[in-house]
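Two chains, two frames, some hints: make the complex.
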Amino acid sequence: MSPAIETVALRKTFGDNVAIDALDLSVERGDVFGLLGPNGAGKTTTIRMLTTLLAPDSGAARVCGFDVSAQPSEVRQRIGYVMQRVAYRGLLTGRECVEIEAALYHLPRREIPVLAEAALDAVGMLPHADRRWTTYSGGMQKRLDLACGLLHSPEVLVLDEPSLGLDVQSRHNVWEFVADRRLGGATILLATNYLDEADRLCNKVAIIDHGRVVVQGSPSELKRSVGADVVEVATREPERLRRVIETERWVKKIVIGELGDLHIFVEDAAVALPAVMRIGLEHGIGLERVTYSQPSLDDVFLLHTGRELREVAMAP
Amino acid sequence: MTVEQIEEKQSAPADSPGSGAGTRRQYAQEVLALARRWWIELLRERLNLVFSLAQPAIWLVFFGAGVERAIDTKVIGTDDYIGFMLAGIVTFTIVGNGVSGAMPLLWDKETGYLDRLMSMPIARSSVIVSRFVFQVAQQSAQILLVVLVALALGVRIATGPFGMLVILLTAALLTMSVTAAFSALAYAVPQHGTFFAVAGFVSLPLLFMSNAFVPLEAMPVWMEVVARLNPLTYAIEAMRTLVLNGWEPRVAASLAVLLFAGAICLALGTWQFRKQTGERVRG
Chain A
-16 MSPAIETVAL
-6 RKTFGDNVAI
4 DALDLSVERG
14 DVFGLLGPNG
24 AGKTTTIRML
34 TTLLAPDSGA
44 ARVCGFDVSA
54 QPSEVRQRIG
64 YVMQRVAYRG
74 LLTGRECVEI
84 EAALYHLPRR
94 EIPVLAEAAL
104 DAVGMLPHAD
114 RRWTTYSGGM
124 QKRLDLACGL
134 LHSPEVLVLD
144 EPSLGLDVQS
154 RHNVWEFVAD
164 RRLGGATILL
174 ATNYLDEADR
184 LCNKVAIIDH
194 GRVVVQGSPS
204 ELKRSVGADV
214 VEVATREPER
224 LRRVIETERW
234 VKKIVIGELG
244 DLHIFVEDAA
254 VALPAVMRIG
264 LEHGIGLERV
274 TYSQPSLDDV
284 FLLHTGRELR
294 EVAMAP
Chain B
13 MTVEQIEEKQ
23 SAPADSPGSG
33 AGTRRQYAQE
43 VLALARRWWI
53 ELLRERLNLV
63 FSLAQPAIWL
73 VFFGAGVERA
83 IDTKVIGTDD
93 YIGFMLAGIV
103 TFTIVGNGVS
113 GAMPLLWDKE
123 TGYLDRLMSM
133 PIARSSVIVS
143 RFVFQVAQQS
153 AQILLVVLVA
163 LALGVRIATG
173 PFGMLVILLT
183 AALLTMSVTA
193 AFSALAYAVP
203 QHGTFFAVAG
213 FVSLPLLFMS
223 NAFVPLEAMP
233 VWMEVVARLN
243 PLTYAIEAMR
253 TLVLNGWEPR
263 VAASLAVLLF
273 AGAICLALGT
283 WQFRKQTGER
293 VRG
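Read top to bottom, the protein sequences are chains A and B.
To convert, note that position 175 of the first sequence is 158 in our numbering; the numbers rise steadily by one, no gaps.
To convert, note that position 268 of the second sequence is 280 in our numbering; the numbers rise steadily by one, no gaps.
Okay, chain B solo, but in the shape it has when bound (with noise of 0.2 Å):
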């Protein structure tokens, strides 16, 4: 037998006891459980929170009164700057908070109580899911504070509150690549130092490859080719849309790549922390 078949039968059938109702109240319960643990820890981290909060709607502020002058309308195809921007700087955010939010992840696996919730009868997928309920929830936050800030600048939505809430759909759903994808590089590196390393090499070329700042339209075709295969860039596209334009059935496909990206980061982070649980600790 190979050692994945072992770690598959190791952690396979946690992920099914019993059946049914009772099954999915337990799921329920676990992922309450571990994602009240990260809100307790965030309201008693007032700095973390406050900071965290207001930081996208500081760079809205920033970006709005400062950058604009230097930009080009012709180049962005819009006049309303902070329109363009507002879907950057919610990606901007959330690829942030990608990598702050896997660090719970990356202390658990290092001070070990990772052994201890595994030594317990939880589905496996329960950690990572908690993970990502609370960062969709602290992220929708933080969302409609910087979109609150836009509309005081100024900025209207063109698809209204509806568009609002689909806005806020797409932030999820990126959200889902962008954890699932730092949480398996918390889980892949052999230590933390790697993990700043590489999450520190990664999410600036991640946002300059996409469309945050510059309309594909306006980049040179080497650039639009890899900003074409960057997720981000359709998260920007759907909503950025959503704001400047209107309902348009681009933001359809793009969600649709989205989701699917989803599918493959989810899948990356689920065979890491397979992984890492199966097989680890020397004794």
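Pulled out of the complex, with its shape left as it was, chain A reads as follows (with noise of 0.2 Å):
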């Protein structure tokens, strides 16, 4: 069976600004794959493309098998889509809603009210289905969007940032989601800037930044390839603390995040803690805070690109 999806080269740029730049995605039937990124790096260009709403400039993007420019009809009948942004409803209900969008998907008409019950329940709005969109609050908004997202049983579910902007509640609710979708056997594809949530939920993810796939794999291959642990500094003297640990034998890789903070990519932790206080002592540097973790995909993001995600994800 064709792979859920791929693309091969795509390529998009709006005037001098390129927005995506040779993309090769490959994501296999079941998966959830994450896409995973900071703001601007083209994640929702690409799923605009992969959702045929954007044509690509070269390359080629398929969807189930169907190429994106030359079947989109077959593509969109295969995708469900979930925006960044919460659809607007004015004045219906949320059952009315998804009534609607159903028959836009050309469900047949006897079967609509029972699918749409169906696809209500899933995401726990049958209780609110009859009080209109306007009295909802915004996570429920978003699980509504998600009902419409999952009504036709796509092939391929799109899921641009669900997440985003949700108080924890919701947003657990949205993880619980996708999380029993998994097993319903359709492919999810997750864009987010939210590392923890790409790895909570994700079985394959793919950092992309300026529009380039910067590394992709599982969660767990991602973090493994970041070596055994990251021992974190926090000091006045970044630059001068990297010169004198640089040459140790121990020490894989130093980068300097974007709060001055020093990551140390290392075998072990446990020879590496001690030796690192007592070079700064040595040398009279100043430690604030030395922390170690297991790599996180923070990590993985920062190893390749030389910025922390989590900084960037939060930049407004």
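Accuracy of the hints is not assured; some may be wrong.
[As the list claims (entries may be wrong)] Stretch-level coverage of chain B by chain A, calculated; a stretch enters the list once three of its residues show a Cβ under 8 Å from a Cβ in chain A:
id, region
1, 42 to 52
2, 125 to 134
[As the list claims (entries may be wrong)] Between beta-carbon pairs, the in silico distance windows are:
id, chain 1, residue 1, chain 2, residue 2, range
3, B, Pro202, A, Asp7, 33 to 39 Å
4, B, Arg56, A, Arg195, 45 to 51 Å
5, B, Glu57, A, Thr274, 53 to 59 Å
6, B, Arg56, A, Pro91, 25 to 31 Å
[To be verified] A few chain B residues that face chain A, going by a derived Cβ cut-off under 10 Å, partial list only:
id, residue
7, Arg37
8, Gln38
9, Glu122
Note that these hints are calculated values from the structure, not bench results.
All figures in this text were calculated on a predicted structure; none of them were measured in a lab.
Just so you know, even glycine gets a beta-carbon here, dropped at the ideal spot from N, CA and C.
What follows is the structure, given as structure tokens:
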């Protein structure tokens, strides 16, 4: 069977701005695939091309084996798309919204009421089905969008930043929903700049930056590739500390994050921690904080781009 | 490959998935579903509903009671001022509805719901066509109401009930032009401020540069030339003839011009819509 999503040398520019540059992605059926990257990395542009909303400049993108440019209607029948922004639905009730979209997917007229209820139930919105959309909270509006996205049992569900701007409870609701859906067998493409979200939900992630795939693999593979441990040091003299320790045998790589913290990738934190402190003392470099952690996806991003995703992501 | 070719490629196949009756049924299902959305919104906006239904009738009453006394019947060519104004008021209503009717399309574009719709396996044209169907239905109710009021005020339609049907048909044809033109504008503008600025700027001159208030024969030549280029003129001429004079060949000629104008505006609307849905958001 063809992959759920496949892009080959996909490219999209807006004037001089190269949004997507030679993007190669391959998403297997049944994957929960995370598209991870800071704002402006090209996640939404990629999604807009995959959902047939934007024509690629060059290269190819296929969804379930169908080319997004040549066979858009085949693609549209197979995808469910939950936009980053909540869809504005005016004075309609939740049930009406879902029923109308069910008709737009050409579901059999007689089955629509039942299918609509099932979709609303799947996201816990059945008790609120007959209230107007305008009375819903942000989390409920998002869940209604999710219900609309899965109405026609799509082969590929595309979620663009599904938990952006939601409170903790609503975010957990969305996560549970994604985790359950996976059992249903649909492929999920999840764009996010929340690392914990990708780590928790996805079995594969591709980190993209400046419109290119920086690295892809399963979260655990990517984290293993970083090295065993990461020691983080906060100091007023990061550059000086880097110079004095970068020649040490146990240091694999050092990156200075945007807040001036030193991220030291090491084989074994048990050896590195005392050594960092000793060297700091010897050279009279004040260390404000020394911590160590198992590598996270943030470290993966940092290692490959030299930037810290959580800071880039939090920037307005 | 040019951008246009890609857009064409991107949007063209959507209009022709499969073939035959199945596709037509799907198309009808789409248009009805989208029109249902407009319909529910209209019913829930009670104030909007009441005002938009009653407005043309109220205009007619005001014109009939007030302005009539200031009008020289020799200029308008008939003693029946309300009968004369009926076509103008209907046209006035159609232009107003054209502006307000494009607003939901504008909101869908600005709030992003249009993107959601475009990611669905629906024919591109069903979005605009559903709006036409809805507008024509809503407007026919308004027009019937204003005609009833005119009848109550003593107007007699020269061509009878069948002429009434042709008046509705004429209105529907003009609606096609006006709705398509304002939809094109809604899709073309960068944001709603521009839409309202342009729509506000064109709608009154559009009416004054037609025979809505003054017959063509009474106009200075330059104005008559301008009015002759205005599709509104033909709709008014057809409707006015049907009300005041009876079946005359110029009714058919006017309808033909309206059909032509409608086709041009529809092409314009579709072109802007394609442009809008082909290439838009920056990521």
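For each hint, the structure was consulted:
1. By the rule of at least three residues with a Cβ nearer than 8 Å to a Cβ of chain A, the coverage given for the region 42 to 52 of chain B holds, with 7 such residues.
2. Counting residues of the region 125 to 134 of chain B whose beta carbon lies closer than 8 Å to any beta carbon of chain A gives 9, which reaches the threshold of three, so the coverage claim holds.
3. At about 34 Å, the beta-carbon gap between proline 202 of chain B and aspartate 7 of chain A stays in the expected band of 33 to 39 Å.
4. Range check, arginine 56 of chain B to arginine 195 of chain A: Cβ separation about 48 Å, and the 45 to 51 Å hint holds.
5. The beta-carbon spacing between glutamate 57 of chain B and threonine 274 of chain A, approximately 58 Å, falls within the hinted interval of 53 to 59 Å.
6. Checked against the hint of 25 to 31 Å, the C-beta distance between arginine 56 of chain B and proline 91 of chain A comes to roughly 28 Å, which is consistent with it.
7. For arginine 37 of chain B, the interface hint holds, the least distance from its beta-carbon to any beta-carbon of chain A being 8 Å, beneath 10 Å.
8. Because the smallest distance between the Cβ of glutamine 38 of chain B and any Cβ of chain A comes to about 5 Å, under 10 Å, the interface hint for this residue holds.
9. Nearest Cβ of chain A to the Cβ of glutamate 122 of chain B: about 9 Å, under the 10 Å cut. The hint holds.
In summary, this structure violates none of the numbered hints.
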